[in-house]
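Participant: These are the residues of each chain, in order.
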Amino acid sequence: MIRFENVTKRYPTKTGMKSILENASFEIARGRSLGVLGVNGAGKSTFLRLISGSELPNRGRVRRDGVTVSWPLGFMETFHGSLSGRDNVKFACRVYGRRIDEVTDYVRDFAEIGAHFDEPVKTYSSGMRARLAFGLSMAFNFDVYLVDEITAVGDARFKAKCADVFSEKLERSDIVMVSHSMGTLRTYCSVGCVLREGGVEFFDTIDEAIDLYERLTKSVGTVS
Amino acid sequence: MSAELTWSELKSGSAFQARIIGALMLREMRTRFGEYHFGYVWALIEPVVQIGILSGMFYVLGARPPLGMSYEAFFFTGYVTFAIFRDLSTRGSTSVSANRALLALPPVRNMDAIWARLGLEVMTSVASVSFLIAIFLYLEVPIVPADPLRVGQGFAAMLVLGAGFGILNAVLVAMIKPWSMILSWMMRLQYIFSGVFFLPEKLPPVALDILVWNPASHGIALVREGFYSGYKCNILMSPYPFVVGGALAVLGLTLEKLFRRRVDAK
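One line per chain: the protein sequences are A and B, in this order. Take 1 as the starting number for the first sequence in this note's numbering and just add one per residue. Take 1 as the starting number for the second sequence in this note's numbering and just add one per residue.
With the rest of the complex left out, here is chain B (with noise of 0.2 Å):
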């Protein structure tokens, strides 16, 4: 088959190809912000609101931040980038499963489905990460990075790290049923222990041995280490999580691939 492949065959495939998840990314617009574009503000204000209320508590309980003088700084560092790798996740998931009907039309492939998916996500976070920035430079609170570029490769690393594991759940998910309901609780699990709320190298070393292996853990180091003058995680690999999302998206490709049959809406 590939012998036969020519240069302009390709070159109209993948221009048919991004038609049709161009086409699926302004279906997925439509649903996923809704029918009044309430959705639309709600994706940008939500970590706005979410940092309020968590640094509001941790005021209030009178405590100081485990890194600088802010605790919307922190969970700045630790929210959004967990936010980045969990709607990439969760939402990547059910991108097969919530296609079904549209899937059977031959020309619109499960993959299509997973990257108009994942493509509308990126495009979500940047521009909630861009309107957290810009807000919070209008309340002056110090956001300004020590190094933008290694919060830069935090940001990346959660992208990558989300994006392989949306590709793996969309495939699991259309497969086996149950896995959403584990998933959903494998991400509770993971806002609580990946350090959103606490710097991993303060655990005490039984929790630190298992937690270390956690890569979403390593994003958030990646992101804080970028942050914060001075800051030095001595756990953090800062590959790892690149490593560990491009595993899981070759897992997820090759796992499409091999049961296309059975994942197959048709």
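Same shape as in the complex, but just chain A (with noise of 0.2 Å):
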């Protein structure tokens, strides 16, 4: 169970503060996949990293009790530039407390990036970067995963592979999603919550929650 109690949630913006949560308090269940909505600007992102713990709430806090959760996959750069890919991946079995042979052999095979494996991050492309960082978050066994717009990388049949290990996992975590795509949403989700003037409403299905971001939209005009 994730809980935020009474947490206000704010960030400086050219225009003044912008509030994404006002005194919010809510439970996140086990057991069901959660796709996020709201407008451009709502703090889909930023509700994300309150989730994860990687940003703190202005009040009230974010009690995770014993559900481990992912750092947000997708935007974030989680890696050190002058560190190589391996020396990463043992970075973050260190943080975590994982098996780092386990977990290394595991992440170089999944990525498939050969000696880059070895190289400094900051020589990789992009796709390079990205099928690491997939490869890592697979690794270990988190109870919750965040998703933030992930972008499929690598050729169909890294895709195909990525899709398998991600399906094999959401069996037993649960994810926490934002996207553009109501179809990845639909995919992936059941439930699902919107985000609005400071406040977060749920919903029992992703559709109903759909149908009122897409009403939202409409009366805002963004095509977003």
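The set of hints was computed from the structure by calculation and includes no laboratory data. Bear in mind the structure is a predicted one, so any value in this text is a computation, not a measurement. No false leads were mixed into what you were given.
Label pairs and their in silico Cβ distance ranges:
hint, chain 1, residue 1, chain 2, residue 2, range
1, A, ASN58, B, GLY52, 49 to 57 Å
2, A, GLU214, B, VAL122, 55 to 63 Å
3, B, ARG260, A, LYS159, 35 to 43 Å
4, B, VAL122, A, ASP109, 38 to 46 Å
5, A, ASP109, B, GLY56, 54 to 62 Å
6, B, ILE176, A, ASP211, 40 to 48 Å
7, A, ASP211, B, SER14, 46 to 54 Å
8, A, ASN58, B, SER12, 22 to 30 Å
Here are the simulated DSSO-like cross-link-like pairs (lysine-lysine), alpha carbons at most 30 Å apart as the crow flies:
hint, chain 1, residue 1, chain 2, residue 2
9, A, LYS161, A, LYS90
10, B, LYS177, A, LYS18
11, A, LYS18, B, LYS257
12, B, LYS177, A, LYS14
13, A, LYS169, A, LYS90
14, B, LYS257, A, LYS14
15, A, LYS159, A, LYS169
16, A, LYS159, A, LYS122
17, B, LYS257, B, LYS177
18, B, LYS177, A, LYS122
19, A, LYS218, A, LYS14
20, A, LYS218, A, LYS18
21, B, LYS202, B, LYS232
22, A, LYS90, A, LYS122
23, A, LYS159, A, LYS90
Reference listing, derived: stretches of chain A covered by chain B, where coverage requires no fewer than 3 residues with Cβ under 8 Å from a Cβ of chain B:
hint, segment
24, 52-61
25, 77-88
26, 92-100
Note that CB positions come from ideal geometry on N, CA and C, so glycine has one too.
Each of the two chains sits in its own frame; use the hints to bring them together as a complex.
Facilitator: Right, here's the structure in full:
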């Protein structure tokens, strides 16, 4: 169970403070995957970072009571450029207290980047980075995977492999996902929520959430 | 929150944090010393080379050291002491900004990166001072101090001062970019004015009135008092560098806590 207790989160923008959550309390239940919706700038990525703990609320707290949560997969860069892929993987193992040899072998085999594995990450192409990042997150068994607009990488075979591993994970893990693709959300998520005006509205089905979101985007006039 | 925190949670929490700091230290070693391990060697011989060059220059000029008979010893007490402070302050300053990507992993906190880098820097300082002492003993340069305890106190003062300033700098550099430039100028002035090359009490009173407030001078003075028998530095206030170092640390930690979200790389 992930629980938000009286959480307020604001961030500064050029036009003043933008509020994402105002004194919000709610729970994200285990066992169902959640699609997160909201118009541009509603704070979907920040919402994921609050869940992960990589960003702190201005007020209140986020409890994860024993639930292991991934870092947000996707946009966020968690690799140190001067270190090799291998050393970055080792670092993550140490941070999460996982066995270095097992995880390293898994990620090396999964990412299929050959000898680049021992080169500094800053020499990687964005595709290679994404492969490494995806492999690393799949090597750890998190209870909840946070996915921020994940984009498929590699050729058709590699994409199929990613999809396979990911569905396998989802038999035991939940997912909280931000995506602009309604199709992707419908595929992976059973429940949904919409971020707006400092609050979160939860829905028992992803379709209801998408309905509200589509009404919102029409009234605001943005296509996103 | 604190009411709910049990002892076992606290213990597992510290073990958890220690693990992360350990991971960061290993990562720091990789980039601090480079891929080919020459960095380790350089960290050890750099002070030897510095002292060699400085002493050589002053011997050529034909002057006598302000204290004792050997410039090697004078610069050992000055340069090495100063370097402890300088290295902690400047290396500490980039600990958050240089680890942005790694700090994106949720369990890793800003303070972990700061503690890891300071820890590694303390270990490096201890190793390089020990190496220097070994070299001097081998070359039979007289460097046995009159009062080793007081020398140790001086080194400790510089550790506290450098760590405190390092914490503050790490937070400031992450918050305000130009701070690293200001810092590098401050360190250049410090190098000239903290008494690596001279004894502060020999300065004209006008200069002394200002420089007496420089905490680094007091660390060097402590080491020299311990090193040279019979030397008394009349401006020395031995608790001063400790107090300033502690105050800088408290200021840095407070700023980090207050502006954590802004300092956050995440």
